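**Q** One-letter residues, chain by chain:
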Amino acid sequence: MCLAIPGKIIEINNDEHSAIIDFDGIQQKVIVALVPGAKVGKYAIVHAGYAIELMNEKEAREAIDQWDEMSEELGLDLNDVI
Amino acid sequence: MDIPGSEILKSKKFTEKLIKNIKANLDAIAKKVKLMHVCGTHEHTISKYGLRSLLPEGIEIVSGPGCPVCVCPAADIDKAIELGKRKDTVITTFGDMIRVPASNISLSELKAEGSDIRIVYGPNDAVKIAKQNPNKEVIFFAIGFETTVPLIGYELKTNPPSNFSVICAHKLIPAALELLISIDRLNIDGFISPGHVATIIGLKPFELFSKSYRVPNVVAGFEPNDVLLGILMLLKQIKSKKYETINEYSRVVKSEGNEVAQNVISEVFKSTVSPWRGIGRILDGGLAIKEKYAEFDADKKFDIEINDAQDIPPGCSCHLVMTGKIYPNECKLFRKTCTPINPIGPCMVSQEGTCSIYYKYHSD
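Protein chains in written order, with the working numbering: chain W, 1 to 82; chain Y, 1001 to 1364.
These are computed hints drawn from the structure, not numbers from a lab.
Among these hints, one or two may not hold up.
[Said to hold, decoys possible] Distance condition first, Cα-Cα at most 27 Å in a straight line; then the derived DSS-like pairs of lysine-lysine:
(1) Y:Lys1301 x Y:Lys1157
(2) Y:Lys1204 x Y:Lys1241
(3) W:Lys29 x Y:Lys1013
(4) Y:Lys1241 x Y:Lys1034
(5) Y:Lys1031 x Y:Lys1010
(6) Y:Lys1085 x Y:Lys1136
(7) W:Lys58 x Y:Lys1111
(8) Y:Lys1254 x W:Lys29
(9) W:Lys8 x Y:Lys1010
(10) Y:Lys1254 x W:Lys39
[Claimed, not checked] Computed footprint of chain W on chain Y, listed as stretches where at least three residues anywhere in the stretch have a Cβ under 8 Å from a Cβ of chain W:
(11) 1119-1130
(12) 1195-1209
(13) 1306-1313
(14) 1318-1327
Because the structure is a prediction, the values reported are computed rather than measured.
Ideal Cβ placement from N, Cα and C applies to all residues, glycine included.
Work out the full structure, taking the sequences as your base and the hints as a guide.
**A** Structure follows, in structure tokens:
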């Protein structure tokens, strides 16, 4: 039920608080009223037809980089896992 | 869709490193560890990718009451059924909800008898049906945790038509976790907390458990490596005896959560004592619609009283599965009389129900 999936915003309709979001080639109209910073090019996390959070490429990469910062503490080396 | 950084999320080498480190940390702890998740999507990831079989024997991952369809009381479904029997009503709800057995029949059985029961993708579709059918009362049977609540709140705030109303059966996760901690002999050593609930409410409500109850908490994402990293983060805390709430899913979850969504929730709803199917009444365990929006509250709009609802059918062990006391295969009905085709208890119905997921991905 709390399933939410990421998609990329490709069009915004400010009047309707909606956006067209691309999910791996399937495009769907989504309500973006709960995420005021919605912009074309950003990623949205979508639950039951509503965007509940946004992320951009930089933020997503920084979040993964945080794992790298934690890696020493966690006893991991992320440099050779990809 | 592949998000930035997904190469690490999907890296098999990373999985191997995580497992190795989990084993090393468990060896250092030198006792068995029991971790609980409270999200059907986490159970899906754990079962689908066989994570339990990858983990060392000393780690037990149990499912908590993480499926809103499963914890919705039979009395609320009975209410939707009674309203659905009336002429000129349309009951709308999420797909999983219509097959859940209530005291006598399910909404899908009522639909087969000719009532107008419709599955919608989101509450906006229910509002659309109300606008298209001004001579009918369109009732949205609203279930879900904090992830789903702001969606319904948004629709109530934006002037739905007067023939639209909501059966409010929303539940709140932190209150349920607090109850679980206090259950004797459950002995949970750490929580894998639901990433999309935290997306809305942020980290603060989860900090109660690490600070006051000294139970470590990791808010985790839904890729297999997210869950394994979350487990490793919990083990590190158990080993060091320093208990915190850590955000593993920081690519989505902000520590303050989604404040716009939180404002929508507090504008439209108030917390209340709420019955959870198979668990009982939980203080602040659910939400009710505030007086300001009472015209859209189906409880107030329609005079319906439900007595003697049956939450757990005879022989069913959903209440034990939902509190992590047993695994589905320990229920005597599982895979025998209770199957996804013929579900007896609520956990076998929903795609996020623990029994349904077990049935799909386990052979025992």
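**Q** Indicate, hint by hint, whether the structure satisfies it.
**A** These are the hints, each one checked on the structure:
no. : hint                  : result
1   : Y:Lys1301 x Y:Lys1157 : holds, 17 Å
2   : Y:Lys1204 x Y:Lys1241 : holds, 20 Å
3   : W:Lys29 x Y:Lys1013   : violated, 37 Å
4   : Y:Lys1241 x Y:Lys1034 : holds, 15 Å
5   : Y:Lys1031 x Y:Lys1010 : violated, 30 Å
6   : Y:Lys1085 x Y:Lys1136 : holds, 13 Å
7   : W:Lys58 x Y:Lys1111   : violated, 48 Å
8   : Y:Lys1254 x W:Lys29   : holds, 25 Å
9   : W:Lys8 x Y:Lys1010    : holds, 19 Å
10  : Y:Lys1254 x W:Lys39   : holds, 18 Å
11  : 1119-1130             : holds (count 5)
12  : 1195-1209             : holds (count 4)
13  : 1306-1313             : violated (count 0)
14  : 1318-1327             : violated (count 0)
In summary, the numbered hints that this structure violates are 3, 5, 7, 13, 14.
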